[in-house]
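Chemist: Chain by chain, the residues:
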Amino acid sequence: MRNKHIILVMLAILIATVPFALYSNLGEDEGYFTGADDKASEIVKETGYTPWFNSIWEAPSGEIESLLFAIQAAIGSFIIAYIFGYWHAKSKYNKKQ
Amino acid sequence: MHIMEGFLPWYWCLFWYIISLPIVAYGIVKLKKIIEETPEAKSLLAVTGGFMFLLSSLKLPSVAGSSSHPTGNGLGGVIFGPAISAVLATIVLIFQALLLAHGGITTLGANIFSMGIIGPLVAWIVYKVIVRKEIDSKNSKSSIAMFLAAFLANIATYIVTAFQLAIAFPEPTIESSFIKFMLIFAIPQVSLGICEGFLTVIIWENLAKVKLDVLKRLNVFN
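Respectively, the protein sequence lines represent chains S and A.
For what it's worth, my numbering labels the leading residue of the first sequence as 58, then goes sequentially.
For what it's worth, my numbering labels the leading residue of the second sequence as 47, then goes sequentially.
Quick caveat, the hints were computed from the structure, so don't treat them as lab data.
A virtual CB, placed ideally from N, CA and C, is assigned to each residue, including glycine.
Careful, some of the hints might be misleading.
[Stated by the list, open to error] Straight-line distance between alpha carbons at most 25 angstroms, and here's what the computed BS3-like set of lysine-lysine pairs gives:
id	chain 1	residue 1	chain 2	residue 2
1	A	K78	A	K262
2	A	K255	S	K147
3	A	K184	A	K79
4	A	K262	S	K149
5	A	K184	S	K147
6	A	K255	S	K152
7	S	K96	A	K226
8	S	K147	A	K262
9	S	K147	A	K88
[To be verified] Selected chain S positions facing chain A (in silico; Cβ < 7 angstroms):
id	residue
10	L68
11	A73
12	G92
13	A93
14	T104
15	S112
16	I137
17	I140
Given these sequences and hints, build the entire structure.
Modeler: So this is what it looks like as structure tokens:
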């Protein structure tokens, strides 16, 4: 099972990195790799619509935003890793008894 | 799939809130019941929520040349059903709306509907259709079912978002607007959905290995 999981992770990484090869040398300025959510917002704006409510708080820069996204990922992985570790240790302890 | 803050007219915001809130409320009731009946499910619930937190924070490049994120809602949908997943998604979406300016409080109802309700519902149906009879945990059928469930939950989430935007902004018609949003959202998601499917299968098989008894009690294997 472990080998299969390593292969699956590598496949996931491969699929996620193929776009870099497909669109090499293209970046944000050419309209590549921008967020789909933002693109949709732009289309909505093109219809002449103006948002009637703005975010209560917005990260002051892209750096801060990436910090917050990293914290979100960290919280998620912490919970998963903590609980799997707990289960693992518990089953080892139970076997010894 | 996040519709940004203020990017739906107020009456649509209200409409999606009215649809989503009762389901979230029902999810909270169901959550309490599951914790009372199967206290061991608590840690499983935490892992499911953590998985959604993790996956929805990962912005991945897609083969269509934009970047977007997986939703992580298939796992919860299959194990706990759509109502409880809606509660988990609400927590994730509020976190993102308040701290990341991603999504919003006004559009929360609409975003809960796509990521918290329809996505998990599709996952749950797909899994139940494939795994109809009781199966052995070693059976790879449950992994295949989980892959398809996670993949389709991801795609369904984005189709709903495209639909929500299309009916709110039918310029010039709902159909053409829907296609426009689909080209931005759902089609790039195909490659991300496959990634999400793989990652979900990995965590699923690990869960099935260590917490088989709890999963069986939650009727995931029959």
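Chemist: All the hints need checking, so say for each whether the structure fits it.
Modeler: Against the structure, the hints come out as follows:
As the CA atoms of K78 of chain A and K262 of chain A are separated by approximately 19 angstroms, the hinted pair is consistent with the 25 angstroms bound. Taken as a hint, the K255 of chain A and K147 of chain S pair is honoured in the structure, with Cα atoms around 14 angstroms apart against an allowance of 25 angstroms. Of the pairs offered as hints, the one joining K184 of chain A and K79 of chain A is violated, with about 29 angstroms between alpha carbons and a cut-off of 25 angstroms exceeded. For the suggested pair K262 of chain A and K149 of chain S, the alpha carbons sit about 22 angstroms apart, so the restraint of at most 25 angstroms is met.
Only pairs whose Cα atoms come within 25 angstroms are accepted, and K184 of chain A paired with K147 of chain S is accepted, the gap being roughly 22 angstroms. For the given pair, K255 of chain A sits about 16 angstroms from K152 of chain S by alpha-carbon distance, which is consistent with the 25 angstroms threshold. With a C-alpha separation of about 11 angstroms, the suggested pairing of K96 of chain S with K226 of chain A holds against the 25 angstroms cut-off. Taking the CA atoms of K147 of chain S and K262 of chain A, the gap is near 20 angstroms; set against the 25 angstroms cutoff, the hint holds.
Between the alpha carbons of K147 of chain S and K88 of chain A the distance comes to roughly 16 angstroms, so the proposed pair stays at or under 25 angstroms and holds. A distance limit of 7 angstroms between C-beta atoms decides the matter here; for L68 of chain S the minimum to chain A is near 6 angstroms, and the interface restraint holds. At a threshold of 7 angstroms, the smallest CB-CB gap from A73 of chain S to chain A is about 5 angstroms, leaving the interface hint in force. Hint status for G92 of chain S: holds, given a least beta-carbon distance of 6 angstroms to chain A, under 7 angstroms.
Taking 7 angstroms as the C-beta contact cut-off toward chain A, the hint placing A93 of chain S at the interface holds, the least distance being around 4 angstroms. For T104 of chain S, the shortest C-beta to C-beta distance to chain A is roughly 5 angstroms, which falls under 7 angstroms, so the interface hint holds. Hint status for S112 of chain S: holds, given a least beta-carbon distance of 4 angstroms to chain A, under 7 angstroms. The restraint placing I137 of chain S at the interface with chain A holds, with a minimum CB-CB distance near 5 angstroms, inside the 7 angstroms limit.
Because the smallest distance between the Cβ of I140 of chain S and any Cβ of chain A comes to about 5 angstroms, under 7 angstroms, the interface hint for this residue holds.
Hint 3 from the earlier list is the only one contradicted by this structure; the remaining hints agree with it.
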